[in-house]
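Q: Let the hints inform the model, and build the full structure from the sequences given.
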Amino acid sequence: NAGVTQTPKFRILKIGQSMTLQCTQDMNHNYMYWYRQDPGMGLKLIYYSVGAGITDKGEVPNGYNVSRSTTEDFPLRLELAAPSQTSVYFCASGFGGGNQPQHFGDGTRLSIL
Amino acid sequence: AQKVTQAQTEISVVEKEDVTLDCVYETRDTTYYLFWYKQPPSGELVFLIRRNSFDEQNEISGRYSWNFQKSTSSFNFTITASQVVDSAVYFCALSEFRGSEKLVFGKGTKLTVNP
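Order-wise, the sequence lines are chains A and B. Take -2 as the starting number for the first sequence in the numbering used here and just add one per residue. Take 221 as the starting number for the second sequence in the numbering used here and just add one per residue.
It is worth saying that the hints were derived from the structure and are not from the lab. Heads up, the beta-carbon is just placed ideally off N, CA and C, and yes, glycines get one too. Some hints here could point you the wrong way.
[To be verified] Not everything, but these chain B residues come out facing chain A in the computed CB check (under 10 Å):
| no. | residue |
| --- | --- |
| 1 | Arg248 |
| 2 | Gln259 |
| 3 | Asn296 |
| 4 | Ile299 |
| 5 | Gly326 |
[As the list claims (entries may be wrong)] Computed cross-link-like contacts, DSS-like style, restricted to lysine-lysine with a CA-CA straight-line distance of at most 30 Å:
| no. | chain 1 | residue 1 | chain 2 | residue 2 |
| --- | --- | --- | --- | --- |
| 6 | A | Lys6 | B | Lys327 |
| 7 | A | Lys54 | B | Lys223 |
| 8 | B | Lys236 | B | Lys258 |
| 9 | B | Lys236 | B | Lys322 |
| 10 | B | Lys258 | A | Lys41 |
| 11 | B | Lys330 | B | Lys236 |
| 12 | A | Lys11 | B | Lys327 |
| 13 | B | Lys258 | B | Lys327 |
| 14 | B | Lys223 | A | Lys41 |
| 15 | B | Lys236 | B | Lys327 |
| 16 | B | Lys330 | B | Lys223 |
| 17 | A | Lys41 | A | Lys11 |
| 18 | B | Lys327 | A | Lys54 |
| 19 | B | Lys236 | A | Lys6 |
| 20 | B | Lys236 | A | Lys41 |
| 21 | B | Lys258 | B | Lys290 |
| 22 | B | Lys290 | B | Lys327 |
| 23 | B | Lys290 | B | Lys322 |
| 24 | B | Lys322 | A | Lys6 |
| 25 | B | Lys290 | B | Lys330 |
| 26 | B | Lys330 | A | Lys41 |
| 27 | B | Lys290 | A | Lys6 |
| 28 | A | Lys41 | B | Lys322 |
| 29 | B | Lys322 | A | Lys54 |
| 30 | A | Lys6 | A | Lys54 |
| 31 | A | Lys54 | A | Lys11 |
| 32 | B | Lys258 | A | Lys54 |
| 33 | A | Lys11 | B | Lys290 |
A: Structure, rendered in structure tokens:
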């Protein structure tokens, strides 16, 4: 099983560019999440989805968009990249219900210059 | 609002020492879940343990043990006879039953185990 797969692993963007971070999972999880991790900080929730076609904002959604057209895929879109979006991005998935652990991808390290 | 505090930013120990990582949480819910994750230098996040608010039993898994105390809102993690491979950032996290899709993380404790 691949688990949660994120691409790319690293990316450098120029200010104002756009890009999509890809995330796919093969565990048939309904819930999927995007977090960002800044140095010395814990993970903060950007967006999450409880199933195909349903998404909702987390703690830090500004500057990002998501879509969930299938159970497997949950891409994160950055529009007009800003230096403040330099971070490590983690995608996660799980069965939800609060008591189920989330399974994380290996992360995407994004630098905006 | 839910909150997780890991007051220890960094801890450095010598191999074979025991070390305890502290986690204090805040929640208004009576049903909630606590987690510990490990982030080794390679960067991935590894799930270690889950505990629900109804179960205050301590848990031991090999050299790892967890002490959950509702009276002090703490969920501490102890590594016995630490090893160099334990070097990582450890995160404590909380999810509430009614906001069950949201996992709130502490800022993490960086543990360095020196040979």
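Q: Lys236/B and Lys327/B were given as a pair; does the straight-line alpha-carbon distance stay at or below 30 Å?
A: holds, 26 Å
Q: Hey, Lys223/B versus Lys41/A, does the alpha-carbon distance stay inside 30 Å?
A: The given pair, whose Cα atoms are some 12 Å apart, holds under the 30 Å limit.
Q: Are the Cα positions of Lys236/B and Lys322/B separated by 30 Å at most?
A: Outside the cut-off at roughly 36 Å; violated.
Q: For the pair supplied as a hint, Lys6/A and Lys327/B, is the alpha-carbon distance within the 30 Å limit?
A: holds, 23 Å
Q: Would you check the hint for Lys290/B and Lys327/B, treating anything up to 30 Å between C-alpha atoms as holding?
A: Within the cut-off at roughly 21 Å; holds.
Q: Run the distance test for Lys290/B versus Lys322/B: straight-line Cα separation, threshold 30 Å.
A: holds, 21 Å
Q: Keeping to a limit of 30 Å between CA atoms, is the pair of Lys54/A and Lys223/B held or broken?
A: holds, 18 Å
Q: Hint check: Lys236/B vs Lys258/B, CA-CA at most 30 Å. Holds or violated?
A: holds, 19 Å
Q: Are the Cα positions of Lys258/B and Lys290/B separated by 30 Å at most?
A: With Cα atoms ~23 Å apart, Lys258/B and Lys290/B stay inside 30 Å; holds.
Q: Is it true that the CA of Lys258/B sits at most 30 Å from the CA of Lys54/A?
A: holds, 26 Å
Q: Return the status of the interface hint for Arg248/B: holds when the least beta-carbon distance to chain A is below 10 Å, violated otherwise.
A: Violated - the Cβ of Arg248/B stays beyond 10 Å from chain A, reaching only about 15 Å at its closest.
Q: If you draw a straight line from the CA of Lys41/A to the CA of Lys322/B, is it 30 Å or shorter?
A: holds, 10 Å
Of the numbered hints given earlier, the model fails hints 1, 3, 4, 9, 19, 20, 27 and 33; all others are met.
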